[in-house]
Amino acid sequence: MYRENSDGEFNVSFGRYSNPDWIQEQRIRKASRVLQDTAVFNTDFSYVVDEASVGDLVYLDPPYEPVSKTADFNSYQAGGFDREDQRRLRDIVIELTEMDVSVVLSNSPPVTVLYEDHDVFSISYVDATRSINSDASSRGEVSEVLITNVPPDDQRRKTLSDFTE
Numbered sequence: 001m002y003r004e005n006s007d008g009e010f011n012v013s014f015g016r017y018s019n020p021d022w023i024q025e026q027r028i029r030k031a032s033r034v035l036q037d038t039a040v041f042n043t044d045f046s047y048v049v050d051e052a053s054v055g056d057l058v059y060l061d062p063p064y065e066p067v068s069k070t071a072d073f074n075s076y077q078a079g080g081f082d083r084e085d086q087r088r089l090r091d092i093v094i095e096l097t098e099m100d101v102s103v104v105l106s107n108s109p110p111v112t113v114l115y116e117d118h119d120v121f122s123i124s125y126v127d128a129t130r131s132i133n134s135d136a137s138s139r140g141e142v143s144e145v146l147i148t149n150v151p152p153d154d155q156r157r158k159t160l161s162d163f164t165e
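Residue numbers for the sequence shown, in full-length UniProt numbering: 1 to 165.
It is worth saying that the hints were derived from the structure and are not from the lab.
Please read all numbers here as calculations on a predicted model, not as lab measurements.
Fair warning: there could be bad hints in the mix.
[To be verified] Beta-carbon label-pair distances, calculated as ranges:
#	residue 1	residue 2	range
1	59	28	15 to 23 Å
2	80	25	13 to 21 Å
3	125	33	14 to 22 Å
4	21	44	31 to 39 Å
5	110	19	19 to 27 Å
6	19	44	34 to 42 Å
7	43	84	12 to 20 Å
8	153	43	27 to 35 Å
9	27	117	34 to 42 Å
Positions of the beta carbon are idealized from the N, C-alpha and C atoms, including for glycine.
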């Protein structure tokens, strides 16, 4: 994980593990094979409009919409990421959809209000385990949403599942 504080400095601890078990060689090798022809960008999301083309799959993982005042992780990025940025992102997702680009976006449930009025998007709720805390007993599940324009037909489902198996 890469995360910044409000000054733009890296702020994720490395932890103190005597025998880390999170290095899983087979998964790393499989991810490497899947990502051979993949472009990964760490930039403003609007850039993707110039890079994506028909048939591409774009996954967007922005800073999540806060679920409460105490769970606001937008400060983990210099400059923040507010509701206006979420709206800009939605507009980019709509533009990509109009370009026949497949899009999958992950976020927190409050952001769904920006997408609910658009029939082309399906919204799924999933439970995700947060593994950032070095104390495993403090890790819990949180509700997230996946918003996508990918049609729910069998061929598309198979295509997406190839990346997760």
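Cross-check of the supplied hints:
1. 59 - 28: 15 to 23 Å: 19 Å, holds
2. 80 - 25: 13 to 21 Å: 37 Å, violated
3. 125 - 33: 14 to 22 Å: Taking Cβ atoms as reference, residue 125 and residue 33 lie about 30 Å apart, which means the hint is violated.
4. 21 - 44: 31 to 39 Å: 36 Å, holds
5. 110 - 19: 19 to 27 Å: Taking Cβ atoms as reference, residue 110 and residue 19 lie about 39 Å apart, which means the hint is violated.
6. 19 - 44: 34 to 42 Å: Holds - the Cβ-Cβ distance for residue 19 and residue 44, about 40 Å, lies within 34 to 42 Å.
7. 43 - 84: 12 to 20 Å: The hinted range 12 to 20 Å holds for residue 43 and residue 84, with Cβ atoms some 18 Å apart.
8. 153 - 43: 27 to 35 Å: The hint (27 to 35 Å, Cβ to Cβ) holds, given that residue 153 and residue 43 are roughly 32 Å apart.
9. 27 - 117: 34 to 42 Å: 38 Å, holds
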